[in-house]
Amino acid sequence: MFEFSILRRYLQPKRKRMSLALIAIMSVFVISLVVWLLILFLSITEGIEKNWLGRLTSLNAPIRITPTEEYYRSYYHLIDEYAYASGYEKKTFHEKLTSKITDPYDQTMDSELPLYVPKPIPNDRGGVLDLAKEVNKSLCSIPKQVAQVQFHDYQMAGALLRLTLARKAIDQPYSNIPVLHFLTQATYVNSIPLDKGPLHSLICEPTVFDINHLIYLADLGRISSTADIPEQEYSEESSLGERLFPILHNIHIQSFKTLDRFSLPQEVIEKPLIAYAKKSRGEIFYYVIPKTIESKGPDGDFVKGVIKKEGDSLYFFENGSEEKDLVERSIPLLLGEHFSFTGTIDHLSLLEAASLTDILISAKISIQGEQYTTVVPWNQITIEKVEIEREFSHPPKNPPPWAYFVDNQLVLNQDGVLLPIHFKEQGCFIGDDGFFSFGKTSPLMVSEQRKKIMTVGFYDPGVINTGVRYILTSREIVNSISSKEESLVIDPLQANGFQVWFDDSLKASEVTAFLRNDFVARGIEPYFAVTPFYEYDFAKDLIGQFQSDRDLFMLVGVIILLVAICNIITLLLLLVHDKKAEIGIFLSLGASKLQISSIFAFAGVFLGGISTLIGSFLAYITLKNIDSLVWVLNRIEGRDAFNAAFYGSKLPNEFSVLAFTFILIATPLLSLGAGLIPAIKACKLRPSQILRSE
Amino acid sequence: MSNEAEVIFEAKNIDKAFLYPEKVQLLEKVSLYVKRGESVSITGPSGSGKSTLLSILGTLDKADSGSLFLFGKPLLKRAYSKTRNTHIGFIYQNHHLLDEYTVMENLLIKAQIGRKRISRKSDSYSLALSLLEGMNLLHRKDFTTKLLSGGEKARVSIARAFMNDPEIILADEPTGNLDYEAALLVQDLLLETCRDLNKSLIVVTHDRSFAQRCDRNYSLNDGHFEQM
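Protein sequences, first through last, are from chains H and X. Numbering of the first sequence is given in our numbering, commencing with residue 1 and proceeding in unit increments. Numbering of the second sequence is given in our numbering, commencing with residue 695 and proceeding in unit increments.
No wet-lab data here; the hints were simulated from the structure. Please note that the accuracy of each hint is not assured.
[Unchecked claim] Cross-link-like lysine to aspartate or glutamate pairs, in silico, DMTMM-like; alpha carbons within 25 angstroms at most: (1) H:K14 / X:E794; (2) H:K16 / X:D793; (3) H:K385 / H:D260; (4) H:K279 / H:E322; (5) H:K593 / X:E799.
Produce the entire structure from the sequences given, and follow the hints as far as they go.
The structure is reproduced here in structure tokens:
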């Protein structure tokens with residue numbers, strides 16, 4: 001094609017047109033740079049936004065369906081209080097959904113209804129419209145093309161959480177008498193569906209600290225209490241081994257670690273060991289054995305020497321002295337640092353143990369380059385690394401005391417609750433127990449009731465400011481609180497409803513529109529409100545801010561792009577000037593103005609396109625290696641360049657298709673616009689004048 | 695050429711004036727026609743408007759008033775570029791060849807503009823080869839034109855004019871920059887090729903002997919035509 005063959009000639013760098021080639025290279029370089037920057041920024045922003053959206057909607061779901069005041073005034077809701085078949089108690093959505101009866105009222109059995117109870121809402125078949133089941137049907141009818149949704153009904157109640165934190169005394173690591181702390185917090189108690197769903201991904205894995213804490217609690221054998229100041233009650237019904245078994249059966253210990261003031265048994269030492277003696281007025285109180293020969297000795301009044309075995313006894317040979325001191329059995333040989341080691345539990349000792357002191361571990365410890373095999377009691381060590389079982393294909397015979405999954409079904413042990421991860425930062429561990437306190441009102445009195453609970457795990461509630469107060473637990477526990485709770489702790493409009501999840505939060509508007517239309521068609525629209533995440537009060541501002549940031553940068557980016565593209569205009573105007581004679585000849589040979597202008601328009605698009613590809617490729621490479629870039633930036637700034645609280649633990653590195661599409665369309669279009677200016681100039685050339693002047 | 699041959703190109707009442715710095719009426723009610731296979735020469739003093747007239751006839755310039763007819767039909771403005779590509783061949787005093795292109799590319803570019811195939815097996819390529827052979831330039835076909843002599847460039851220019859098989863050749867002082875012998879050769883080639891291919895020729899020239907060799911001769915004086 002004529003236009004392309006000429007374009008190829010014009011864009012080929014030639015020595016004669018070196019200045020033009022340089023301008024072309026500069027233009028491509030600058031536009032590539034802008035494209036790189038735009039894609040990089042938009043990709044990272046999109047990643048951060050997605051991350052924040054995920055965290056915003058982690059607990060509340062992208063869409064929430066809640067009953068309106070109209071629902072609470074409806075016959076459907078009120079009738080349960082007047083019907084024997086409903087036990088004269090209001091029903092939750094879950095109960096409504098699982099109930100076979102839509103209208104429990106029986107005129108022959110139940111008393112006459114008060115005047116404020118309205119008439120039932122009829123359905124097509126003349127019966128009573130089942131509002132909860134209609135919502136369920138509507139959710140089931142969402143086409144897969146719109147979104148692949150998961151939904152469940154939720155219940156929420158308000159209660160005061162009171163946790164008892166039994167901890168080791170810091171100055172007495174081997175003492176069996178715990179120090180008790182109490183944690184009190186006003187909370188929302190939410191039901192978590194047991195079927196595998198999006199909420200399950202929020203549950204954190206138990207850590208080695210949780211396991212050590214569970215072992216410590218098992219050793220204590222304390223029975224949880226619902227009393228305000230719990231007396232230290234101890235179980236006498238089960239042995240320590242039985243209490244430890246559910247824990248040990250579901251973990252794989254990889255290594256142990258010695259505690260502070262770990263004392264090495266004298267029988268172990270066969271070869272000379274460098275040691276530091278704590279000596280005062282000629283009397284030795286204890287020895288400190290460093291981990292390696294090169295290790296620095298302890299600070300303070302210590303004497304360096306060697307412990308050697310002579311006969312059946314150990315002697316300390318002080319450096320620079322010919323005297324030796326007998327290492328008496330009563331003087332402890334303390335290890336200078338924490339030692340990691342592998343070991344196996346002696347099962348016989350486990351079965352008969354009354355406390356951790358009785359459980360023996362066969363340990364292989366490396367001291368100063370030598371391997372020592374010894375037996376140490378568990379109370380002097382702790383688990384360092386452990387693999388924790390959380391997924392089971394069949395119900396475990398010894399269920400672990402943490403939240404676990406059996407064939408994708410979440411199992412929370414009896415009284416088990418999942419606390420927001422913030423509780424962990426407050427020093428809570430799995431195994432900490434306590435109770436929910438909630439009020440019950442009656443015409444005559446307001447009383448307090450308590451429900452025993454135990455921490456079985458933690459979850460990440462995302463970034464909503466009330467997330468720290470949401471506790472997830474089984475529906476039974478929420479029920480036991482909400483059926484009694486009559487206070488106004490929770491907005492009744494939010495206490496019960498449906499949460500709707502789908503992979504792509506951006507589809508929220510589409511799903512919302514579908515549900516709202518479907519609710520109108522089903523006649524249930526006055527009774528339920530469909531709220532997408534961007535209408536949540538706590539999310540509106542943040543989402544708006546993200547949008548503004550993106551728009552602003554997009555605008556700045558387009559302006560920079562325009563400036564960069566001005567280079568193309570300059571280049572092509574120079575080219576038109578340079579090729580004026582040729583253009584005149586082409587016109588005289590019958591080239592149309594469209595053909596001539598196309599050459600320069602295509603040149604603009606070509607330069608823009610090449611720059612887009614180069615910039616996009618560079619952006620892709622940069623995103624793939626974003627960690628290295630962050631590392632460089634951190635080194636330059638001498639601190640963390642990106643705050644983890646805002647950007648997440650890792651800077652997002654997913655290539656934004658949206659940004660790429662925008663660049664792919666915008667850059668060639670702008671380049672085409674840039675090519676049109678010289679194209680128009682070329683069109684306006686008058687061949688007769690050019691040829692005459694040439 | 696017979697008297698009954700059809701008029702293929704006609705210009706009627708062409709007016710052209712330059713307004714700046716002062717009004718100069720270059721052409722006034724100028725009319726001419728050319729029949730198929732006929733050669734017409736236009737002579738006149740320098741600045742009489744011969745080249746401007748040729749540009750208007752070749753649709754490269756606009757007349758202030760007047761009409762052009764091709765095969766008896768008015769030539770519409772929107773068809774100008776296509777007409778230049780398919781019905782008209784230009785030859786210039788300065789040749790106006792594409793310096794960085796080879797001789798062959800200079801010829802084929804006209805076909806390429808007309809969206810014709812230019813591969814070695816194409817009709818356009820064969821035509822270009824035969825034209826170059828006729829101009830005795832076949833051995834120069836892969837030379838860039840900047841390497842050619844003035845006479846050779848003139849012959850390439852003539853060959854290019856005949857590409858796409860046009861009906862009319864418009865030549866503006868085709869021998870103006872050549873020595874006598876080369877000029878004579880170019881005249882012969884041009885007239886013979888036109889005669890052989892039955893093409894019409896309108897030639898602007900100062901060379902009276904060349905003008906005399908054409909079938910008809912016009913003289914342009916003070917914007918008016920006189921048939922000699």
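Here is what the structure says about each hint:
1. Taking the CA atoms of K14 of chain H and E794 of chain X, the gap is about 11 angstroms. The hint holds against a cut of 25 angstroms.
2. Distance check on the hinted pair: K16 of chain H and D793 of chain X sit about 13 angstroms apart at the alpha-carbon level, within 25 angstroms; holds.
3. Our distance criterion of 25 angstroms between C-alpha atoms is met by K385 of chain H and D260 of chain H, whose separation comes to about 18 angstroms.
4. For the hint pairing K279 of chain H with E322 of chain H, the CA-to-CA distance comes to about 17 angstroms; that is within 25 angstroms, so the pair holds.
5. Taken as a hint, the K593 of chain H and E799 of chain X pair is honoured in the structure, with Cα atoms around 21 angstroms apart against an allowance of 25 angstroms.
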